[in-house]
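Trainee: If you want the building blocks of each chain, they are given just below.
There are 2 protein chains.
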Amino acid sequence: MSENTVEIDVLHFDPSTGLRRQSRSVIREKPITLFINETELVTLLCTGHHLDELAAGFLFAEGFLKSPKDILGIEIDEANGQVHVTCSRDTGAVNQLWTKRTVTSGCGKGTLFYFALDALRGKRVRSDLRLDPRNIVNRMEDLHRMSDTYRLTHGVHNTALADAGEILVFRDDIGRHNAVDMIVGHCFLNAIPLRDKLLVTTGRLTSEMLIKAAKLGIPILVSRNTATTLAIELAKTLHITLIGHVRAGKFVVYSGEERIVSD
Amino acid sequence: MSENTVEIDVLHFDPSTGLRRQSRSVIREKPITLFINETELVTLLCTGHHLDELAAGFLFAEGFLKSPKDILGIEIDEANGQVHVTCSRDTGAVNQLWTKRTVTSGCGKGTLFYFALDALRGKRVRSDLRLDPRNIVNRMEDLHRMSDTYRLTHGVHNTALADAGEILVFRDDIGRHNAVDMIVGHCFLNAIPLRDKLLVTTGRLTSEMLIKAAKLGIPILVSRNTATTLAIELAKTLHITLIGHVRAGKFVVYSGEERIVSD
Numbered sequence: 001m002s003e004n005t006v007e008i009d010v011l012h013f014d015p016s017t018g019l020r021r022q023s024r025s026v027i028r029e030k031p032i033t034l035f036i037n038e039t040e041l042v043t044l045l046c047t048g049h050h051l052d053e054l055a056a057g058f059l060f061a062e063g064f065l066k067s068p069k070d071i072l073g074i075e076i077d078e079a080n081g082q083v084h085v086t087c088s089r090d091t092g093a094v095n096q097l098w099t100k101r102t103v104t105s106g107c108g109k110g111t112l113f114y115f116a117l118d119a120l121r122g123k124r125v126r127s128d129l130r131l132d133p134r135n136i137v138n139r140m141e142d143l144h145r146m147s148d149t150y151r152l153t154h155g156v157h158n159t160a161l162a163d164a165g166e167i168l169v170f171r172d173d174i175g176r177h178n179a180v181d182m183i184v185g186h187c188f189l190n191a192i193p194l195r196d197k198l199l200v201t202t203g204r205l206t207s208e209m210l211i212k213a214a215k216l217g218i219p220i221l222v223s224r225n226t227a228t229t230l231a232i233e234l235a236k237t238l239h240i241t242l243i244g245h246v247r248a249g250k251f252v253v254y255s256g257e258e259r260i261v262s263d
Numbered sequence: 001m002s003e004n005t006v007e008i009d010v011l012h013f014d015p016s017t018g019l020r021r022q023s024r025s026v027i028r029e030k031p032i033t034l035f036i037n038e039t040e041l042v043t044l045l046c047t048g049h050h051l052d053e054l055a056a057g058f059l060f061a062e063g064f065l066k067s068p069k070d071i072l073g074i075e076i077d078e079a080n081g082q083v084h085v086t087c088s089r090d091t092g093a094v095n096q097l098w099t100k101r102t103v104t105s106g107c108g109k110g111t112l113f114y115f116a117l118d119a120l121r122g123k124r125v126r127s128d129l130r131l132d133p134r135n136i137v138n139r140m141e142d143l144h145r146m147s148d149t150y151r152l153t154h155g156v157h158n159t160a161l162a163d164a165g166e167i168l169v170f171r172d173d174i175g176r177h178n179a180v181d182m183i184v185g186h187c188f189l190n191a192i193p194l195r196d197k198l199l200v201t202t203g204r205l206t207s208e209m210l211i212k213a214a215k216l217g218i219p220i221l222v223s224r225n226t227a228t229t230l231a232i233e234l235a236k237t238l239h240i241t242l243i244g245h246v247r248a249g250k251f252v253v254y255s256g257e258e259r260i261v262s263d
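If you read the protein sequences in the order shown, they are chains A and B.
Going left to right, the first sequence walks through residues 1 to 263 as the numbering used here numbers them.
Going left to right, the second sequence walks through residues 1 to 263 as the numbering used here numbers them.
Just so you know, these hints were derived from the structure itself, not from any lab.
All residues carry an ideal CB built from backbone N, CA and C; glycine is no exception.
One thing to keep in mind: the hints can contain errors.
Using C-beta positions, here's what the derived DEER-type ranges look like [stated by the list, open to error]:
1. A:A191 - B:D132: 53 to 61 Å
2. B:E3 - A:D132: 34 to 42 Å
3. A:G18 - B:D128: 22 to 30 Å
4. A:R145 - B:R21: 28 to 36 Å
5. B:A79 - A:L168: 18 to 26 Å
6. B:R124 - A:A93: 42 to 50 Å
7. A:P15 - B:D148: 24 to 32 Å
8. B:D132 - A:D263: 52 to 60 Å
9. A:D196 - B:P15: 48 to 56 Å
10. B:D142 - A:H154: 21 to 29 Å
Computed from the model, here is a short list of chain B residues facing chain A with C-beta under 7 Å [said to hold, decoys possible]:
11. V6
12. E7
13. P15
14. G18
15. P133
16. F170
17. I174
18. T226
19. G249
If you want the footprint, here are the derived chain A segments under chain B, 3+ residues with CB under 8 Å [unchecked claim]:
20. 8-18
21. 27-35
22. 150-163
23. 223-230
With the rest of the complex left out, here is chain A (with noise of 0.2 Å):
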């Protein structure tokens, strides 16, 4: 059991033993509000952990932060399910657009959607990284083995920021864009550099993934779920090479296959 996993007693039917009284491992949904400079933003639904990555990488992502120079604090208060980010600048103006333009789908969900495509038209992604074929089938092996929680409930989509060795950074949460949005903050609080890298997920490749991954200059996508139409376009734009389907050491490149050299 992890401290994200909440013991919940069921009743679990089988053919064979009809109704009967089990233990289950449920993931936990947390409500978390998100404050910048003492103005209420946006509550997040997600398993509630690594509250500040989360906080700073969907800030990010929506445009309120442009450089970690600009968090002058992030205080969490558990207790209450709140996170209050400070910040060095002006965000009225974000704040206005945002709240303005907020976009939502349910799981194609994509807050500031043509706002963001028309500051990414052109921007395509540069990286000399090129990835062998076994590379990719591994990092998702390893991305698998990560995931005591998925293991324990099936609540969560998993993420990873990988290189083509190994897996640098892992986060796992009940929605796939918090995952996301971890890994963004993690990198964008630590200055990691991301051209040489590449973003492997459970999740979906819809064309929210791909933003997010062009917002950072993230050169390689890959997942072991399928890519929308639109996220396929967008990645031919941008530059980004996207995988998908990543399943019993098979897998389908969308885009960008350049970057996929096979000895």
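Mind docking chain B on chain A? Use the hints.
Mentor: Relative to chain A, chain B alone:
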């Protein structure tokens, strides 16, 4: 091939054959911008079908609409990716509240989370619906049989409204929330009574799913996937039967077990 999928040329890696060119069906992802009384509200990233239901369901779930009579017209502009809803009610106040308290977390996102929660406290779902375990298992099997798009792309979530004996409405989308919103919209537009129905889905059971079901008064929620702690807590408060992990004829009842009656 369905109209929700596109054939895309990809590179496929298989250790036995190496890298080879292949054609794949990919799920369509489209940004659809929703206007209410000529005010731009939100852009949904979705598959792009049943847009009248998606708009009506979203607007009802978010509190803009109270009754189908509120809708004077729904105009779909496919070419520009827009849906314009004309509403007889003054939606200004809801719009202000909505933009102010927008809530987000990718897969775990829930607009107006606390507001919805407050409104629902004490609104327990009343229903005489009782199901045999076989009803649960069979309706999930029906759901899987109905999804051609999933078989082609593995890129959608499937959701259905059902009664004990059969599936009544089926919808799929890249976003699990979109699929639910379409069902909500369908029931809202057609004034379908829901106290004797169940909602069957492939998406995880998070708090937002619970809130949507509770708003409609649906007594039983079923998923092939798992539930979160917050969803279980809400289900107990709202007296909703929550069933997860329906796979290989087995399942787990997280709450409201008195509605599941074995012979």
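Trainee: Do P15 (chain A) and D148 (chain B) keep their Cβ atoms within the hinted range of 24 to 32 Å?
Mentor: holds, 28 Å
Trainee: In this structure, is the beta-carbon distance linking G18 (chain A) and D128 (chain B) contained in 22 to 30 Å?
Mentor: Holds: the Cβ-Cβ distance is about 23 Å, inside 22 to 30 Å.
Trainee: Tell me whether the statement that chain B covers the segment 223-230 of chain A is true, taking a Cβ distance below 8 Å and needing three residues at minimum.
Mentor: Since three or more residues must qualify, the claim that chain B covers the segment 223-230 of chain A holds, with 6 doing so at under 8 Å.
Trainee: Would you check whether G18 (chain B) satisfies its interface hint, that is, whether its CB is within less than 7 Å of any CB in chain A?
Mentor: holds, 6 Å
Trainee: Do at least three Cβ atoms from the segment 27-35 of chain A come closer than 8 Å to Cβ atoms of chain B?
Mentor: holds (count 5)
Trainee: Grab the minimum C-beta distance from V6 (chain B) to chain A and call the hint holds if it beats 7 Å, violated otherwise.
Mentor: Given a least distance of 5 Å, the restraint on V6 (chain B) holds.
Trainee: Against chain A, with CB atoms and a cut of 7 Å, does the hint on E7 (chain B) hold up?
Mentor: This hint is violated: E7 (chain B) lies away from chain A, its Cβ roughly 10 Å from the closest one there, beyond 7 Å.
Trainee: Against the range 28 to 36 Å, how does the distance between the Cβ atoms of R145 (chain A) and R21 (chain B) compare: consistent or not?
Mentor: The hint (28 to 36 Å, Cβ to Cβ) holds, given that R145 (chain A) and R21 (chain B) are roughly 31 Å apart.
Trainee: Hint check: is the beta carbon of F170 (chain B) less than 7 Å from a beta carbon of chain A?
Mentor: violated, 18 Å
Trainee: For the segment 8-18 of chain A, count the residues whose Cβ lies under 8 Å from any Cβ of chain B; is that count three or more?
Mentor: holds (count 8)
Trainee: For the segment 150-163 of chain A, do at least 3 residues have a Cβ located nearer than 8 Å to some Cβ of chain B?
Mentor: The restraint on the segment 150-163 of chain A holds, since 4 of its residues have a Cβ under 8 Å from chain B and three suffice.
Trainee: Could you tell me whether the CB distance from D142 (chain B) to H154 (chain A) stays inside 21 to 29 Å?
Mentor: holds, 22 Å
In this structure, the hints that do not hold are numbers 5, 9, 12 and 16, in rising order.
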